[in-house]
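The sequence shown finishes on residue 368 if you use the numbering used here, and the numbering steps up by one all the way, no holes.
It is worth saying that the hints were derived from the structure and are not from the lab. The C-beta atom is built at its ideal place from N, Cα and C for all residues, glycine as well. Hints may be right or wrong, so weigh each one.
[Claimed, not checked] Under the rule of at most 20 Å between Cα atoms (straight-line distance), these lysine to aspartate or glutamate pairs were calculated in the DMTMM-like manner: (1) Lys255 - Asp295; (2) Lys229 - Asp355; (3) Lys311 - Glu333; (4) Lys229 - Glu347.
[As the list claims (entries may be wrong)] For each label pair, taking beta carbons as the anchor points, the in silico distance ranges come out as: (5) Glu309 - Arg206: 43 to 53 Å; (6) Ser239 - Asn340: 23 to 33 Å; (7) Gly199 - Arg247: 52 to 62 Å; (8) Glu138 - Glu324: 23 to 33 Å; (9) Ser166 - Glu326: 41 to 51 Å; (10) Lys272 - Glu138: 11 to 21 Å; (11) Glu293 - Tyr127: 37 to 47 Å; (12) Arg247 - Tyr127: 25 to 35 Å; (13) Gly156 - Pro270: 14 to 24 Å; (14) Pro270 - Val208: 49 to 59 Å; (15) Asp213 - Arg247: 46 to 56 Å; (16) Glu293 - Met176: 30 to 40 Å; (17) Arg180 - Arg206: 17 to 27 Å.
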Amino acid sequence: MANLLGKYVVPGCRVDLQEMEHLELDEGDEVRTGGKGYQSKVLDILSEDRIEILMPMEKARVVTLPVDGEYDLYFFTEMGLYQCYARVVDRYKDKNVFVLVMDLTSNLRKYQRREYYRLSCALEMASRPLETDEVKLAETGQIKRKVPELPLKDSVIVDISGGGLRFVADYAYEVDSLIMCRYRLLVDKEEKEYSLIGKVLSVKEIENRSGSYEHRIQYINVDTEEREEIIKYIFDAERKTLRKQKKNW
Numbered sequence: 120m121a122n123l124l125g126k127y128v129v130p131g132c133r134v135d136l137q138e139m140e141h142l143e144l145d146e147g148d149e150v151r152t153g154g155k156g157y158q159s160k161v162l163d164i165l166s167e168d169r170i171e172i173l174m175p176m177e178k179a180r181v182v183t184l185p186v187d188g189e190y191d192l193y194f195f196t197e198m199g200l201y202q203c204y205a206r207v208v209d210r211y212k213d214k215n216v217f218v219l220v221m222d223l224t225s226n227l228r229k230y231q232r233r234e235y236y237r238l239s240c241a242l243e244m245a246s247r248p249l250e251t252d253e254v255k256l257a258e259t260g261q262i263k264r265k266v267p268e269l270p271l272k273d274s275v276i277v278d279i280s281g282g283g284l285r286f287v288a289d290y291a292y293e294v295d296s297l298i299m300c301r302y303r304l305l306v307d308k309e310e311k312e313y314s315l316i317g318k319v320l321s322v323k324e325i326e327n328r329s330g331s332y333e334h335r336i337q338y339i340n341v342d343t344e345e346r347e348e349i350i351k352y353i354f355d356a357e358r359k360t361l362r363k364q365k366k367n368w
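With these hints in hand, go ahead and build the complete structure from the sequences.
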C-alpha cells in the first residue's frame with residue numbers, strides 16, 4: 120500500500136466515501152453493501168496505511184462521520200481511479216479545519232469499472248420519447264443515431280457516466296419508457312453531438328421545486344466507441360478539477 124499511496128495519492132486529491140453496511144448471512148458469512156456517499160479531499164498521508172481527509176460537507180454543513188465507521192474510498196488521481204476500504208480512527212478540529220483520520224483496511228487497487236462513475240455537471244440536453252415503431256428497433260440495437268427529426272424537449276443533465284445519466288426537467292417521462300437523449304460533449308478538444316437511446320429507471324419530483332422532475336436514465340445498445348468517449352470526457356473533466364485544486368492548495 121505504501122508504494123501505491125505515495126505514487127498515486129497526493130494531498131489535494133479528491134476522494135469519495137461510500138458508507139459500508141454489513142449484512143450477516145445465515146451461514147455466518149458477512150457481505151458489505153454500499154450506503155450513503157460523500158465527497159472530500161486528501162489533506163495528508165501520515166503513513167503507509169493512514170491518511171487525513173477533510174470532513175465532508177452537506178448543504179453547507181460539516182458531516183461528522185463516526186469513529187470506527189467503515190467506508191469504501193475512491194481516489195481520483197492523475198493516473199486514474201483507485202479504490203480501497205478504510206475505517207475512521209480519529210477526528211479533530213485544527214484552526215477551523217475539520218479533519219478525519221482514516222486507516223486503510225485493504226490494499227489500494229485500480230478501479231476498473233470507470234463507466235459507472237458519475238460526473239456532476241450542468242449540460243444542456245434535448246430529448247423525446249421513442250415512437251412505438253422505434254421501440255422494437257431500439258431494443259435490438261437497430262436504431263441509434265438515425266432517428267426521425269421530431270420535436271425535442273429541453274432539460275439539464277446534472278450527472279453523467281458511461282452507463283447513463285441523470286437530468287432535471289419541467290416534465291416527467293414514464294418509468295421504463297425509452298427516450299432519445301441528445302447532448303454535446305467536448306472530447307479531444309472537439310465538440311461532438313451524441314444521440315443515445317436510454318431507458319427511464321426512475322422519476323421523482325424535486326423537493327421544494329414543484330413541477331421539476333429528476334430522471335435517471337440507463338443507456339441501451341451504446342457503441343463501445345461512444346461509451347469510451349463519454350468516459351474520456353468524464354476523466355478529462357476530473358483531471359482539470361484536480362489540477363485546479365492543486366493550484367489552490
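Now the hints, each set against the structure:
With a C-alpha separation of about 14 Å, the suggested pair Lys255 and Asp295 falls inside the 20 Å cut-off, and the hint holds. The suggested pairing of Lys229 with Asp355 holds, with an alpha-carbon distance near 17 Å, which does not exceed 20 Å. Of the pairs offered as hints, the one joining Lys311 and Glu333 is violated, with about 25 Å between alpha carbons and a cut-off of 20 Å exceeded. Taking the CA atoms of Lys229 and Glu347, the gap is about 17 Å. The hint holds against a cut of 20 Å.
Separated by about 45 Å at the C-beta atoms, Glu309 and Arg206 satisfy the suggested range of 43 to 53 Å. The hinted range of 23 to 33 Å is satisfied by Ser239 and Asn340, whose Cβ atoms lie roughly 26 Å apart. Separation of Gly199 from Arg247 is about 36 Å and departs from the stated range, judged on CB atoms against 52 to 62 Å. Glu138 and Glu324 have their C-beta atoms about 26 Å apart, which keeps the hinted 23 to 33 Å range intact.
Between Ser166 and Glu326 the beta carbon distance is about 43 Å. The supplied range of 41 to 51 Å therefore holds. Against the hinted window of 11 to 21 Å, the Cβ-Cβ separation of Lys272 and Glu138 comes to about 36 Å, which falls outside the hint. Restraint check, Glu293 to Tyr127: a C-beta distance of roughly 44 Å satisfies the suggested window 37 to 47 Å. Checked against the given bound of 25 to 35 Å, the beta carbons of Arg247 and Tyr127, roughly 43 Å apart, lie outside it.
For the pair Gly156 and Pro270, the beta carbons lie near 37 Å from each other, so the given range of 14 to 24 Å is not met. In this structure, Pro270 and Val208 meet the distance hint of 49 to 59 Å, their C-beta atoms being roughly 57 Å apart. Distance hint check for Asp213 and Arg247: the Cβ-Cβ separation is about 53 Å, which falls inside the suggested range of 46 to 56 Å. Checking the proposed 30 to 40 Å range against Glu293 and Met176 shows it holds: the Cβ atoms sit about 36 Å from each other.
Distance hint for Arg180 and Arg206: a CB-CB separation of about 23 Å, consistent with the stated range 17 to 27 Å.
Of the hints listed earlier, those the structure fails to meet are numbers 3, 7, 10, 12 and 13, in rising order.
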